[in-house]
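Chains as they are written, first to last, in our numbering: chain R, 1 to 104; chain W, 105 to 728.
Mixed in with the good hints, there may be bad ones.
Claimed, not checked - Under the rule of at most 35 Å between Cα atoms (straight-line distance), these lysine-lysine pairs were calculated in the DSBU-like manner:
(1) W:Lys692 x W:Lys662
(2) W:Lys402 x W:Lys269
(3) W:Lys470 x W:Lys626
(4) W:Lys402 x W:Lys265
(5) W:Lys402 x W:Lys547
(6) R:Lys27 x W:Lys696
(7) W:Lys261 x W:Lys547
(8) W:Lys463 x W:Lys547
(9) W:Lys470 x R:Lys92
(10) W:Lys209 x W:Lys463
(11) W:Lys261 x W:Lys209
(12) W:Lys402 x W:Lys470
(13) R:Lys103 x W:Lys209
(14) R:Lys27 x W:Lys692
(15) W:Lys463 x W:Lys158
(16) R:Lys92 x W:Lys696
(17) R:Lys103 x W:Lys696
(18) W:Lys402 x W:Lys261
None of these hints come from the bench; they were simulated from the model.
All values reported here derive from a predicted model rather than from experimental measurement.
One-letter residues, chain by chain:
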Amino acid sequence: MTGVPLSAYLVLALVLFCIGLYGALTKRNAVIVLISIELMLNAANINLVAFSKLGVTPSITGQVFSLFTITIAAAEAAVGLAILMSLYRNRKTVNVDEMDIMKH
Amino acid sequence: MMENAWLIPIFPLVTFLVLLLSGGRLRERGAYIGIICTLASFILSLLVLMERFKEPTYKITIDWLSIGGTQLKAGFEINQLNALMLVIVSLVSLLVQLYSKGYMKGEERFSTFYAYLGFFTFAMLGLVMAPNLLQLYFFWELVGVGSFLLIGFYYYKQEAKNAAKKAFIMTRIGDVGLLVGIILLFWGTGSFEYGEIFQAVQSGVISNEGLTLIAILIFIGAVGKSGQFPLHSWLPDAMEGPTPVSALIHAATMVAAGVYLVATMFPLFLASSAAMQVVAITGGFTAIFAASIALVQKDVKRVLAYSTVSQLGFMMLALGTAGYVAGVFHLMTHAFFKALLFLAAGSVIHAIHTQDIEKMGGLWGKLNWTGPLFLTGTLAISGFPLLSGFFSKDEILMAAWENGNYLLFALAVITSFLTAFYMFRLFFMIFTGESRSQVKQVKESPSIMLLPMLVLAFLAVISGYVQTPWFGTFLGEWLMEGNETLLGGNSHSEGPVWIMVMAVLVSLAGIFLAYMIYAKKKLPRSWLVQENNEFYRVLDNKYYIDEIYHFTVGYAIKGLSLFLSYIERFIVGGVVSTVTISIEGLGKIGSKLQTGQVQRYGMIAFLGLAVLLVIFAVTGGYLR
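Please take these sequences and the hints and turn them into a complete structure.
Below is the structure:
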């Protein structure tokens, strides 16, 4: 149909994933970290959809799968933000470096 | 009845368990439980013995373990010797428990005492019923534990504690010999069962040297338990235990276990003349050796202890000269009269609170029952005509004569002279002459203590008549029945008549000499030997055996232990602490890694994944 090849999607997903990973591992603001994690999840979704359309055996399964992933990502984001809210209320900070109480 | 014989040791075990669990509440009533249970055991044993007269040997075993192709069995066996031993053990135990009810009155750990007595009786009955060597060994050790507990009953006394340890360790030395012997026997014949072992021995599976070695090793076990030279020195020290215990364990039952062992394994010993020689010589030497020590001891219980050692030597001498019947016969009569003597001595001690015969004297008129009872026992052990000891000692002398071992025969004759002498020395010192006691009011013991002594005195008088030259050799024939080939087939030892006459004369001479010195005082006490004489001092110090052990074995073991403790401390300890320190360091490094920084964790996980991917890419997914 169109001339966009599979590799272009995969490269896009790779770039997105790396940006997300970088953000998740280096940013100090917990909100940015959560956003970065969403980014990584969406990179995976792009892969799923791309393979579902252009893979060796195209089928609808990949798209269904990505729907599930989106749902779970939404739930995870909700929980993550809720934890973040209560942490902020208790500690007055969203700095990831300072959140090391689980060490003990 | 015989199929229910397994109940016999169970009753005392019940006593032990009940008193252990609820002894604190029962206190002195615990004695009734002990007495009733032991009475049940005794009645059962008696019924079993009665039935054994008519019926053949009963044996039942079940498979207990199977290792490879070998079946280890457990069960019980009632043959002549077992049935006889069951009655002796349960009877003496019953009488001792009756006696203890009076003797131990007011003792704080009264019920514990009865619990221990029950435990010991259980072990001893189990020992004599065992159908194979393995089971015998288990109960052999349990008997040792029972003895340990009872000797150390007054554990707050340092001497009692030491004596208990000494008894346990010295008998243990013998037990090692027994264990090695059993293992070698199993190795050679592939069985623990008596019957199979004897068959294998007779068919010549084991070489002659091997048989001698095994028999001697098993005899070492008997040496330890029966207080034979050179492992005898624990037995006199064991007198630190309560006197009823001495009567039960160190006169009638446990020390007889060694003799029982040799008697049980008799076909094995018969197969090796060298082993028989060892048994006979050890027995003969121990008999005269211990008798000579008994001549000068001043503690009434110690004299009796050395007398026990000496009499056990007699039994070994009898067994070693192929006098199976004589040995077992003397074992039986000795159990009765020696238990009687110990109980009577306990009654004396109970009355005047000392064991030193120098502080006794003149008690004949004051202890109207104990005196004659003690005299009965003394006459019986001295071999006074027509009492039980006379017949059994005669049988032993005959056996030694018949065997042609005249040196041992002479030793036995001298020993019986010494026996008569020291026993009557003891008797006259306690019961005649001036009172040298601090206690003015001497009270006779209560009837609960006198009753058992009366029973024993009765048996000490009549038990000899089961095997006499005149009224038939009932015991011998019964013991031999069906075992003629195994036991040498000698139901009675024949010898010239002058032996019996001489035995009587010798014991009368001993009695007379003691009478002249200690009762009539016609001869001064220094007539035989001066108190400060070298020879006297050697005897008084028991030939310095304990000192010799202390300076040789004791120091050798101490040196070795010191050496080993340094190895332990520096070499083993060094290795151990190196390991612990390195593990600890590793743990510290690991704990530093846990910072709580979730991003660092993520980084590490990512790097790990990256490394894995690189490896995957390089090797193509296969680690070679």
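Worksheet item: CA of Lys463 of chain W to CA of Lys158 of chain W, is that 35 Å or under?
Response: Not satisfied, since the Cα-Cα distance of roughly 52 Å exceeds 35 Å.
Item to complete: Could you grab the alpha-carbon distance between Lys27 of chain R and Lys692 of chain W and see if it respects the 35 Å cut-off?
Response: Holds, because 29 Å separates the two Cα atoms, which is no more than 35 Å.
Worksheet item: Between Lys402 of chain W and Lys265 of chain W, does the CA-CA distance stay at or below 35 Å?
Response: With a Cα-Cα distance of about 22 Å, the restraint between Lys402 of chain W and Lys265 of chain W holds, given a limit of 35 Å.
Worksheet item: Can the restraint linking Lys402 of chain W and Lys547 of chain W be considered satisfied, given a maximum Cα separation of 35 Å?
Response: 23 Å, holds
Worksheet item: Straight-line Cα separation of Lys261 of chain W and Lys209 of chain W no greater than 35 Å?
Response: Judged against 35 Å, a Cα distance of about 19 Å means the pair holds.
Fill in: Proposed proximity, Lys547 of chain W with Lys463 of chain W (alpha carbon, max 35 Å)
Status holds; Cα separation ~16 Å.
Fill in: Restraint check for Lys402 of chain W with Lys470 of chain W, where alpha carbons must lie at most 35 Å apart
Judged against 35 Å, a Cα distance of about 21 Å means the pair holds.
Item to complete: Please work out if Lys103 of chain R and Lys209 of chain W have their alpha carbons no farther apart than 35 Å.
Response: 68 Å, violated
Worksheet item: Keeping to a limit of 35 Å between CA atoms, is the pair of Lys402 of chain W and Lys261 of chain W held or broken?
Response: 21 Å, holds
Discussion item. Run the distance test for Lys470 of chain W versus Lys626 of chain W: straight-line Cα separation, threshold 35 Å.
Written reply: Judged against 35 Å, a Cα distance of about 25 Å means the pair holds.
Discussion item. What's the verdict on Lys209 of chain W and Lys463 of chain W, does the C-alpha distance respect the 35 Å limit or exceed it?
Written reply: Status holds; Cα separation ~24 Å.
Worksheet item: Holds or violated: Lys402 of chain W with Lys269 of chain W, Cα cutoff 35 Å?
Response: Answer holds: Lys402 of chain W to Lys269 of chain W is near 24 Å, not above 35 Å.
In summary, the numbered hints that this structure violates are 1, 9, 13, 15.
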